[in-house]
Amino acid sequence: MKYIDEFRDGDIARKIADRLLAEALPDRQYSFMEFCGGHTHAISRYGVAELLPPNVRMVHGPGCPVCVLPIGRIDLAIRLALERGAIVCTYGDTMRVPASDGLSLVKAKARGGDIRMVYSAADALQIARQNPQREVVFFAIGFETTTPPTALAIRSAQREGLANFSVLCCHVLTPSAITHILESPEVRQYGTVPIDGFVGPAHVSIVIGSAPYDHFAQEYRKPVVIAGFEPLDVMQAVLMLVRQVNDGRAEVENEFTRAVTPEGNPTAQALVSEVFELRPSFEWRGLGEVPYSALKIRSAFAAFDAERRFELGYRSVADNKACECGAILRGVKKPTDCKIFGTVCTPENPVGSCMVSSEGACAAHYSYGRFRDIPVRVEVAA
Amino acid sequence: MTTRKDYTRPLDIKHGRVDMGHGAGGRAAAQLIEELFVKAFDNPFLRQGNDGAALEIPAGHRLVMATDAHVVSPLFFPGGDLGALSVHGTINDVAMCGARPLYLTASFILEEGFPLADLKRIVESMAAASREAGVPVVTGDTKVVEKGKGDGVFISTTGLGVVPPGVDVGGANARPGDVLLLSGTIGDHGVAVLSKRESLEFETTIASDSAALHTLVAAMLDAAPGGVRVLRDPTRGGLATTLNEIARQSRVGMLLDEAAIPVLPQVDAACELLGLDPLYVANEGKLVAACAPEAAEAVLAAMRAHPRGAAAARIGSVTEDPHHFVQMATRFGGRRVVDWLSGEQLPRIC
Amino acid sequence: MCLAIPTRLIEIRPGAQALVELGGIRKEISIALVPDATVGDYVIVHVGHAIGQIDPEEAERTLRMFGELSASQGH
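Residue numbers (my numbering), protein chains in the order written: chain A, 1 to 382; chain B, 1 to 350; chain C, 1 to 75.
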């Protein structure tokens with residue numbers, strides 16, 4: 001597969017690993033946050049952590065839209081299916097996220113909720129066309145990468161006059177989340193989470209461009225390297241971050257030049273502006289209320305806003321007291337710091353959202369990395 | 001010799017549908033059984049028309065029984081259908097015990113309204129699979145449920161086979177040092193079925209690998225008597241799940257070599273597109289074996305010489321590990337754990 | 001950042017749709033967000049929509065850059 005396989009080459013990986021070992025200063029600790037869940041997944045799946053020098057640590061950020069989806073939002077989707085009889089269409093990622101009353105979308109489906117997994121917002125539109133007598137709601141989650149397709153669906157629905165289609169909008173914004181982490185007490189004041197720099201998101205950046213990150217580099221004096229999705233991209237980005245730190249620079253660099261430009265995708269951006277506007281505040285799981293971090297549907301498209309159409313009132317629901325997802329999402333704690341990690345909370349029985357999505361820090365560590373927690377002597381007989 | 005027909009009209013296969021009468025045990029039911037099932041499976045056992053079958057078993061052998069229910073949707077997919085799957089699946093379960101499959105049963109739960117034309121297609125596919133494998137369907141049952149209470153058709157098959165003395169194949173037999181062998185490419189079946197699912201539709205030439213593996217197993221066992229310790233077919237949950245099951249049963253660990261695991265380029269591509277991992281995608285015509293190291297070469301050669309094992313490969317080894325982890329050396333040069341599947345593997349956006 | 005894959009655009013279809021190819025499989029997706037894409041281009045597909053394009057020259061440059069010593073480092 002072109003533009004995929006070349007960026008997974010093991011020989012080049014070793015080259016970059018050697019460079020990292022040579023250039024990371026031995027008496028210094030480096031901590032970089034990879035913001036996006038996709039990067040977390042790549043690091044885990046390919047075993048990138050092992051190829052980094054021991055003094056270079058990756059901190060998993062909150063860039064997993066499923067992980068930061070508060071329980072209250074899933075409750076809304078479940079209510080729409082169980083109480084209002086709507087066909088609720090959702091991406092596969094959200095199906096197992098634990099919500100209130102021991103429910104999740106997949107459990108609500110078992111109780112008779114008409115909940116359907118779709119690959120694309122366009123599929124939800126199609127379901128609405130095929131079921132004119134039913135209300136069809138698209139549960140829209142995701143960062144800036146996923147927002148333009150939702151905008152397209154809403155605009156198409158308006159043009160077609162698709163009266164039974166609406167969207168439960170839970171789209172969130174990347175720069176706000178990064179700001180929030182950098183402003184959190186732990187980082188700003190106490191220096192507890194010494195984040196030396198960020199591996200910036202790949203596909204979000206295709207849409208928003210590299211320009212929006214200049215702010216972090218300047219305001220917070222933290223380097224940002226936008227990295228592609230493949231493991232070689234991630235390793236190269238880490239190398240570029242190490243170099244910036246060594247040089248005392250705090251710039252925005254783009255490793256993913258083959259897909260990301262400074263201005264991003266203007267068509268997508270214009271469409272998103274047409275359909276959505278900023279919410280003054282939005283609750284993120286683990287981060288609390290974050291200002292100007294999420295989108296809602298503009299009045300011009302109010303007919304397609306499920307929150308308005310169904311007069312849904314959002315109720316915030318607290319996380320399980322033992323769940324450390326909040327601290328983990330902010331990079332303050334590691335999955336193994338959570339008392340219920342691997343015992344009560346497992347991928348089979350997730351308590352918090354970090355364990356549900358395969359990008360969640362806890363799920364990633366459990367599935368791919370927990371063998372490192374336990375000293376295992378692997379013997380292969382001759 | 002002719003049999004007097006009590007019926008006035010043959011089944012309307014073209015336009016007819018299953019109705020409650022077909023499950024009532026009366027004339028309509030008998031007609032369905034005779035004109036559809038018995039006609040397709042046609043063997044001396046069924047022709048006797050009894051409720052059960054009296055069977056001959058070779059002396060000195062142990063019996064192996066296996067049963068499976070088949071509920072796949074869609075019913076028809078590239079490379080197979082529910083019918084063929086139900087025959088292959090149970091034959092394979094019997095074979096994975098090191099046994100030679102001899103007989104099958106088949107029971108059908110039909111939903112009221114199910115088209116007879118589709119039923120005939122499925123039954124004929126079963127019959128063809130059964131004939132090709134040389135394992136007859138000797139007895140069966142049919143029930144009909146009301147519309148809305150069944151997904152078209154559910155098929156349940158049970159297989160009976162025999163294990164000769166001295167053959168001991170089982171999930172708990174793997175030992176550190178054993179070699180892991182895989183009979184061919186993984187993920188074909190799951191991708192073939194997914195390609196037909198609404199909302200995920202994509203064009204592909206990938207076909208299900210649904211196949212009976214008992215002759216492949218026989219060749220492997222002959223190649224190295226006592227050398228094959230574990231056999232299992234990685235169906236739902238994929239290769240990863242099967243290996244974890246074996247690791248747990250045998251109380252061992254495993255170390256796999258990612259580069260050695262055969263995956264068709266199109267299966268790789270489909271999984272990339274949907275965010276799936278081929279290790280967790282279902283197969284219906286593949287097996288994984290744990291062999292004594294000294295027997296591995298002979299067994300692998302026997303596999304490659306057989307049509308169902310042409311792409312067979314050595315994919316790793318069994319290790320000593322108190323935590324029973326299945327680990328994998330990635331193509332990239334790192335290492336990861338290949339864990340159990342959590343819930344259903346769903347295509348993801350993130 | 002989310003799951004998105006570079007695919008080759010092989011056919012443009014009405015309604016801002018296109019047929020793309022990856023490793024031998026083909027799928028119809030929306031190109032409404034990349035109106036300038038043409039046959040032969042590599043588009044990045046996310047949830048059934050192309051969100052951007054691959055610049056082949058930049059891809060080459062990136063591959064060449066991997067692991068290379070930068071001029072400013074003195075090791």
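Hints in this document: simulated from the structure, not taken from any laboratory. Values in this document were obtained by computation on a predicted structure and should not be read as measured data. One should not assume that every hint holds.
Straight line, CA to CA, 30 Å or less: simulated BS3-like cross-link-like pairs of lysine-lysine [unchecked claim]:
| # | chain 1 | residue 1 | chain 2 | residue 2 |
| --- | --- | --- | --- | --- |
| 1 | A | K15 | B | K149 |
| 2 | B | K120 | B | K143 |
| 3 | B | K39 | B | K120 |
| 4 | A | K107 | B | K149 |
| 5 | A | K2 | A | K339 |
| 6 | A | K107 | B | K14 |
| 7 | B | K120 | B | K14 |
| 8 | B | K196 | A | K107 |
| 9 | A | K109 | B | K39 |
| 10 | B | K14 | B | K143 |
| 11 | A | K321 | A | K334 |
| 12 | B | K196 | B | K147 |
| 13 | B | K39 | B | K143 |
| 14 | B | K149 | A | K2 |
| 15 | A | K109 | B | K14 |
| 16 | B | K147 | A | K109 |
**Q.** B:K147 paired with A:K109 [C-alpha distance capped at 30 Å]
**A.** 20 Å, holds
Q | Satisfaction of hint between B:K120 and B:K39, Cα-Cα up to 30 Å | A | 10 Å, holds
Q | Straight-line alpha-carbon gap B:K120 to B:K143, limit 30 Å | A | 16 Å, holds
Q) For the pair supplied as a hint, B:K196 and B:K147, is the alpha-carbon distance within the 30 Å limit? A) 24 Å, holds
Q) CA of A:K109 to CA of B:K14, is that 30 Å or under? A) 36 Å, violated
Q | Satisfaction of hint between B:K143 and B:K39, Cα-Cα up to 30 Å | A | 18 Å, holds
Q: Decide if the proposed pair is consistent with the structure: A:K107 and B:K149, CA atoms, cutoff 30 Å inclusive.
A: The given pair, whose Cα atoms are some 20 Å apart, holds under the 30 Å limit.
Q) Holds or violated: are the alpha carbons of A:K2 and A:K339 at most 30 Å from each other? A) 44 Å, violated
Q) Hey, A:K321 versus A:K334, does the alpha-carbon distance stay inside 30 Å? A) The given pair, whose Cα atoms are some 17 Å apart, holds under the 30 Å limit.
Q. Taking 30 Å as the top limit, are the C-alpha atoms of B:K149 and A:K2 close enough?
A. 47 Å, violated
(Q) Hinted pair, alpha-carbon criterion (30 Å max): A:K107, B:K14. Please report holds or violated. (A) 40 Å, violated
Q: Compare the distance between the alpha carbons of A:K15 and B:K149 with 30 Å, and conclude whether the hinted pair is satisfied.
A: Status violated; Cα separation ~60 Å.
When each numbered hint is compared with the structure, violations occur for hints 1, 5, 6, 9, 14, 15.
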